[in-house]
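Asker: Got two chains here, each in a separate frame; can you build the complex from them with the hints?
Top to bottom, those sequences are chains A and B. For the first sequence, the tail end lands on 361 under this note's numbering, and the numbers increase by one without skipping. For the second sequence, the tail end lands on 679 under this note's numbering, and the numbers increase by one without skipping.
Not one of these hints is a red herring.
Reference excerpt, derived from the structure (chain A facing chain B, CB under 8 Å, subset only):
no.	residue
1	Q253
2	L256
3	R259
4	H272
No lab work stands behind these hints: they were computed from the structure. For glycine and all other residues, C-beta sits at the position ideal for the given N, C-alpha and C.
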Amino acid sequence: MNETAPIQDRNAEPPLSPWQLFWRRLRQRRIAMAGGVILIVLYLVALFAGFVAPYSFDRLDRDRFFHPPTWPRLSGFHLVVPRYEQLPGSFHYRAVPDDTMPVHFLVHTGKYKLFGVIPATLHLFGTGNENYPVYLLGTDQFGRDVFSRLLYGSQISLSIGIIGILLSFTFGMIIGGVSGYFSGWTDTVIMRLCELIMSIPALYLIISLRATFPPEMSSSQVYAMIIIILSFIGWASMARVIRGMTLSLREQQFVLAARSLGQSHLRVIVRHILPNTFSYVIVAATLSVPYYILGEVVLSFLGVGIQEPSASWGNMLTAAQNTEYLRNYPWLLAPGAAIFVTVLAFNFLGDGLRDAADTKS
Amino acid sequence: MNLLEIRNLKMDFGIGPDALRAVDGVSLSMGVGETVCLVGESGCGKTVTALSIARLVPTPPANYVGGEILLNGRDVLKMPKGELRNIRGGVVSYVFQEPGASLNPVFRIGNQIKESLKLHKPEKATDEEVIRLLKLVGIPAPESRIRNYPFEMSGGMQQRVMIAVALASEPKLLVADEPTTALDVTIQAQILELLHDLKQRLGMAILLITHNLGIVGDMADRVAVMYAGQVVELAPAKELLRRPLHPYTKALMNAVPKLAGGAERLSAIPGNVPRIGNFPPGCRFAPRCPIAKPECSKKIPELVEVEAGRWVRCPFWK
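Next comes chain B alone, as it looks inside the complex (with noise of 0.2 Å):
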């Protein structure tokens, strides 16, 4: 049994003819200790998708409307609250974009991990504890670091923190939403690092969310490329960025700066992610799409397998 199974996942934004369709369709699947990153342009749905693995968007305004969201074979979607409230924390845990916002202000940050202790393991809520967290994701003299308001500590720490808060709960899948798109590049390393040497320690599946295809190569096993709320392309992650199959995905890459490339103009995919509501018909991707042809704007094409382990959603992809 896989870990996440989210089977065509539909949610609206509103209710009736108003109803804005977010995530459009959303098949992805995780198996126990893998890391998938999600990937895509802003406001194309990747959040929303993470978030819904918890059921952490506020319904309303959100509103499923078709799928399932199987965690550890128990469907998210019609569970009750008691339940949802144990896995959340106790199977899966987030990390969010902003260390900064993400800890509370007024409390010491020991607290706040102390807090995701007594929630999850009440018999390990201990200073203990929380010192053993605080050397695990590599804080330095935790000792004293318990006693620290969030504000004392710079971004890199900060994150660290709330990546201690998220394990404190063993949890078996970590969501980090664009966890290293607030904190500078050499930060941004060492967080990565130490997302994936945790996972190697704790055994936990990451599902990363990013738009930086560069962070994919180091960390992904496979990759779920979106675009407009639908997934346009699947694969594991080495042979996406050796030979990327969707014309999204191949624009995404070269759009990637590259160090040999000398000095001449990046590569920009031409116009915006389509508005939420406004989608075009047929293929979304279409009016981008630089080997669009006229039955693009006819039908929304499938995902299929193309090859073992490689799904398109685009018919014209060789």
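One chain only, chain A, in its complex shape (with noise of 0.2 Å):
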């Protein structure tokens, strides 16, 4: 045979996989970074959460209900927090002139336990003080520290955007390939199914699910309901947009030049085809995590989802539902636009994604 090899230059950069690529197209967006950057700082907090809080989420300041936010200005060389005084007959405050703290790094204060196994008492920062609390985003009605519970809320509201993103898009993929691959009466059963859940309005269904667990449950039982509810609802529409890529995929000539090899049809599926919707599926997985976190959202405020005293953004808002709250201590509102930035981040996200998995672009 003559060999017709190719001269190969040894300084030659190697050629891009395709990842290399969509992340070299990821990086030129810059609103899609942002977004990328503040989704890392907001998960990793959450998982630093019992560190970054200065206090326990259900820690109870009997002296201080509604106490506004306090915050940290300079003085000299340090970080001081002043002492407020309530004034009588009313939930109003007013900070002691003079009379200030200074806030410390890497304090021992409240114990913890970190990732919910170790038990720790370093804080990322405090006064050491009971009477010098430092209230971020000040207490809420029963005198708890908003901007920590905020933190341990977030460890619920942002894992469950994930967690059930993966349940319902492994299900989605799986089923909608698996409807796609085999059509015939196989699809129309899954599909007529997929119609069935999507055509009934989400809160409904989200709702008189609710209703088919006991109304006394665990905080972690509640927490894998949530996460089961919304994969419930959401297998349906990945279904079926997988279940469309794998009608054309199918035809393609490498599924048959894979069953000449002798695969099985499900590992045809798996192998072959699911990952040639991979780019689409990041994008979609991207795009629907804040309606996961919203559907948390949305469970616990309305008070059959995340329990008291355990916190979530969702059962956090419920505080706020009162107006005349809402007119008096708007701090109460912090985790809406905590949401509000979650649900940017990842819209903002999701688009540089599809834009950097479009290659037409």
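Answerer: Next up, the structure:
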């Protein structure tokens, strides 16, 4: 055989893999990268919530209901917080002039468990004095630190988005892949089921599904329940799109080639067809996470989700239902701002991923 | 025992009165290490016949209504699923027309070859074996190539990779379905040379599907000419090229441009291949046949052995 080997330029850069190309295009999109960075920070903070939060999520300060936010200010070389005193007869507070306490970093105060297992007492910041609390976002009607609860709540709210997506997309992909690959009556049955689920307004479905679970459940049971409910609703739309993509992918010659090597149907679906949908799935997943976060918020807001004293963004907002509270204590809306930022960040990142995955642009 | 023995294979698309007969009584046998070419126009049933050898035509819509396909003496049409998966790749491997479309775009080529090994030779699923196979099919610098994605290779390279995938499981029969149609002429020659070379080194049989008669002379031991779902002529390659007997084969040969032929207009076969389900009564080539007689449209002629090893489906071949 006459070899016509091309001359290999040893200094040539190795060709970029599809992922490298994808990453390169993504990096050029500033807003998407900003969204990504915000999300990384949010998830890191959620992971280390016990360390970053100055107080525990269920610590009650019975002397300071509806305490306004206390922002440390610079005094000399120290950050100090003032002491507030309550005005008689109402939940109004006034900073006491010239009565401050320095804020220290890395202080040992209240006990918590890092990642839920490692006992620790080290906190990022605090005064170490009960009379000089640092309430960055004030306190709620029970005198609990809103900032700390926001961080603990993010553990639930943010992780529900990711776990819910993983669960529903895994099912959606496999079911959609099977549906599109086999077509025929399998396809008909699965697709009608999807349409049934999608035709019921999500909110009614969430609440009626909630009704199928017992009213009293532990926090972790509720957490699992919310994920199951949201995934149960979420897989259908994914399955439909994947089914459509599978319908065209299964006609590709590489599917026939894989079959001709003796691969089973399931292996062809999982190994050969579904990976070809990943560029779509990653984008869709990023854009769908907000719906799961909002789903948890809705359930908890309605009082059927995460129960007090556990914190989630949804049940924290329940306190902000009252217009009286809202007018006087606007910091109770802080979880709303957190939801806003998170949802926006996911959408920015998702848009950027979609543009980066679209090789035609 | 022959490696492959197709006997009177009949296959429909669809069921009942709407069924369309795509393959109508095809018989073909192949010995160990033999190269057989399956020739014919587009839509004459070559590909479905070849895919049927590993029962790769999805049923439905396809429906096998008669005949048998004996591969190593076992009837593929009656085989349980597990055994079928073993013979796919294990006994018969395929190389398809468009190498770019046959490789999964999202996997490195090394992994795709390894996948074939994992299925049939799990103990040999190593990088070394993949590199050996890439060397075997003539890919330069295989050590760095195994990490390439299909889109980083040229069409000829991709087809070599496909051949490596097909060879990984050491099949006894390689079915190459128009392996060079999507490639340019110089690469075509290289790929055919590679197939020829591999056949001699590995001793496997090749069923080569083509509509290029030029390839037949270089590669084939025997040729089967198909028309409208039927084999119309079956003969040793050299004799067929020297002296075609069936009028359809003659017409095909006349349609090949000749170097010495000067500038006269190329002869073409008048009309089109009849559409499946719309075959004329009697001999299916009769409406386009230059020597057709009235009785040709009455009864489908039999495929008869007119000389030793030469089968023709035409009573007027002389």
